[in-house]
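There are 2 protein chains.
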Amino acid sequence: MITVNLDRDSSTSLYIQLYESLKRDIIIRKLLPNEALPSKRALSEHLGISIKTIENAYSQLLLEGYIYSVEKKGYYVNALSDYRVRSNPTKPYVSKYTDEDYLVDLKANKNSMEMFPVSTWYRIMRETLSYDTTRLWDTVPFNGLSELRIAIARHLLDFRGMEVSPDQIIVGAGTEYLYARLIQLLGRDTSFAVEDPGYTKIRAIYHSNQVNYRAIPLDKNGIRIDLLKQSDCNVVHVSPAHHFPLGLVMPIARRLELLSWVNAQKDRYIIEDDYDSEYRYHGMPVPPLYNIDVRSKVIYMNTFSKCIAPAVRISFMVLPEALMERYLSTLSFYSCSVSSFDQFTLAKFIEGNYLERHINHMKRYYIKQRDDVIRSISQSSLADKTRIIEDAAGTHFLLKVNTSLSDEELISRLKEKKILISCLSEYCEHKNPLYESTLIVNYSGITPGQIRYFITELETLLQPYSA
Amino acid sequence: MITVNLDRDSSTSLYIQLYESLKRDIIIRKLLPNEALPSKRALSEHLGISIKTIENAYSQLLLEGYIYSVEKKGYYVNALSDYRVRSNPTKPYVSKYTDEDYLVDLKANKNSMEMFPVSTWYRIMRETLSYDTTRLWDTVPFNGLSELRIAIARHLLDFRGMEVSPDQIIVGAGTEYLYARLIQLLGRDTSFAVEDPGYTKIRAIYHSNQVNYRAIPLDKNGIRIDLLKQSDCNVVHVSPAHHFPLGLVMPIARRLELLSWVNAQKDRYIIEDDYDSEYRYHGMPVPPLYNIDVRSKVIYMNTFSKCIAPAVRISFMVLPEALMERYLSTLSFYSCSVSSFDQFTLAKFIEGNYLERHINHMKRYYIKQRDDVIRSISQSSLADKTRIIEDAAGTHFLLKVNTSLSDEELISRLKEKKILISCLSEYCEHKNPLYESTLIVNYSGITPGQIRYFITELETLLQPYSA
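So the protein lines, in turn, are chains F and E. Heads up: the first sequence at position 87 corresponds to 87 in my numbering, and the numbers run straight through without jumps. Heads up: the second sequence at position 29 corresponds to 29 in my numbering, and the numbers run straight through without jumps.
One thing to keep in mind: the hints can contain errors.
Because identical chains cannot be distinguished in the list, a pair is counted as satisfied if it fits within a single copy or across any two copies.
[To be verified] Taking lysine to any residue and the SDA-like style, the derived pairs with C-alpha atoms no more than 20 Å apart in a straight line are:
#1 Lys368 - Pro33
#2 Lys30 - Asp158
#3 Lys348 - Leu129
#4 Lys40 - Arg254
#5 Lys348 - Ser376
Derived by calculation from the structure, the hints in this document are not laboratory data.
Taking the hints into account, I'd like the entire structure generated from these sequences.
This is how it looks when you write it as structure tokens:
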């Protein structure tokens, strides 16, 4: 017979206690599918409680589908659907939503972990843990810890020549998160211009937020100002230091044109995405638009996910003072989305110059990666069938391929060989023949063996008979 | 004379190098406001570069406002506005956006840190740090680490009797973050019903996202179904286990009414906010609506910020399978917003039963807090002028006050005494005399001295002559 511990002094009614107990036994499979439950009368006698109580518990179980009834026979335990989790699973849980495994991933921004000063980061984390605990466990201000914002302001001054008050900075868990805030800050009647080609994620964010956006084509100097002017857009999203995926740097003339566009109307703004600006391998870094904006029309964004690790979700934006005031009055009710541990650790990592050292270290590593990959390609038979387009910055280059295969075929044929790579046309809103047959080779995490495998497979694919 | 290190082999033009160097000197105040710059000719001779180069650099500095020119005299350094940060500040940075300091805070959910097993948490963090680093630094799946989702699923089964697959769970940096995702998931044409009174933050989120929402009044059993039916809302946000701030528990009859409302139309959903359900001091915890929803219409949300610490930003939602499939196809491009360190640590904290122990520990602590505060009030002269409304759950109770002061006056008078407290009417969208003159006493972090101070000040305020 069923065992149930009933607490008659509890404020919870007996039928609920019985119901909970039976439900739990069914979930943990103490009661098995199709097992008969005792009759109401038998259980009533066994437990010394009224039949009405048993009835109520059974009815609830019936309603919720834990048991079923068979006329004139009684109640039986239902088999729970596969969708429901077992508390004592015989098989370990395997997610339905896992990615495919690839031999070569030329798409992801893999930050080679051997490169990251993990032990320094851990040491700082441990030091952080020995901090004054009240500070560590306090609610974080809406815009982020002042320690981190001060460190970021100094970093921006040293690396980007930007003069920024820590009060202008808002720290958030990823740029995607900050974009959502910007949509709310600028208002949903804003019409956003994005670069075409450009980050598909930015478009996905605007799309999923159901706000207006236009993809404005680029020429060799960046976003076309003539088309921007023709559009109804009042906010433009650009990455002047290093365009993804074309790798363009916006020259000063186009920057000034962009600034004159933004200054022409009161409610216009530029969102400057400075992602990847750290990685320029010849000459000085290209200064941000922010620095030549005298009318406070540029919203600056950047992330630490690339230069540290994707698992550390810390991004930030720098708002012009007027927008910061607006943020304060309308959106500062939102809590900061980054844990204080991560913020303290990053602040000290920056202040201790570890970030600077790491970026320099990564630069040397990426240059070597780039040189190795480019050399391997140019020494292979691909040299005649492909053309490398790049400007010694970032962690990718474009590989224009001489083929009659469509981009979709190219990508899917490589996928069959377990090579994950994307092509330029995937980042285009409008089709452009100029951008076709162009692979995007992200070499950040690739090994020499993987590059050889990629080259061999691409050579095979570009054989005349495959075309 | 000015010192500039010019690199003639650099790909950066000399004028940019000069411009950068001068700008930096102005920022770090090596060049002081109103100091004269050398004439173009003099600097040209000094540095051995053309006058044209000097001109270009000066023009750029002029354009950006770093220097100004006086006709027939030359160029002078501008005083930078106070808004710009100095790289060598003589005074430490003080944020413009700091909160006022209070002697007594009866509003915030202060989790007394002496209560939290900080050393256990730190030990787990340290263990986490010694993990396989590739796992730790890998990109986190969009829905969160499987380790954490499995732990949450088990926690929900043990504590809330919920059968949930880890595949239904989405981890995010705070419930606010997850609400923004839900708006995108359910679509902007959704009309949301919220409880009135209820969390003002939920309304603020809907408001700042510019989506339709209606505040539906409550009766003693919770949200009024008749008014919900009259509204055009298709999604309702409720907290059946413990309503904030009224402290109501939604009885089963009202729950079933709510479920019959949601089942009446295809696109209807219930968002169940289960915040605070851990803290019920008599009898069994109230089971979630989720458990009696047989048609997969309930979206369940909860957070660990309350039971662990606000600084750890981990919340989660449980989506019905159909919504999860929709999320996967439309919103899984969003990266997970919680760092993997925090996720691994929390997963082990739950698996090691530390969360369970901590919640039980906190329950005993909160009961004592509650008993102490209630006893102090009932032994004071407030006993005659106030009435405590509560149900032995959560970390607050209502204090109905006999006064002719308006709620605004009451709050601001207490603020003058450096007591931060809120009143029930602040959480109302529609005015209701029933909810006036009612303070919300959150006793989670208050000390005996603070409660004495609060009682004394409130006694003074409620003296006949103050009324």
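Results of checking the hints against the structure:
no.: 1; hint: Lys368 - Pro33; in the structure: neither (62 Å within a copy, 45 Å between copies)
no.: 2; hint: Lys30 - Asp158; in the structure: between (65 Å within a copy, 15 Å between copies)
no.: 3; hint: Lys348 - Leu129; in the structure: both (13 Å within a copy, 17 Å between copies)
no.: 4; hint: Lys40 - Arg254; in the structure: neither (83 Å within a copy, 27 Å between copies)
no.: 5; hint: Lys348 - Ser376; in the structure: neither (40 Å within a copy, 45 Å between copies)
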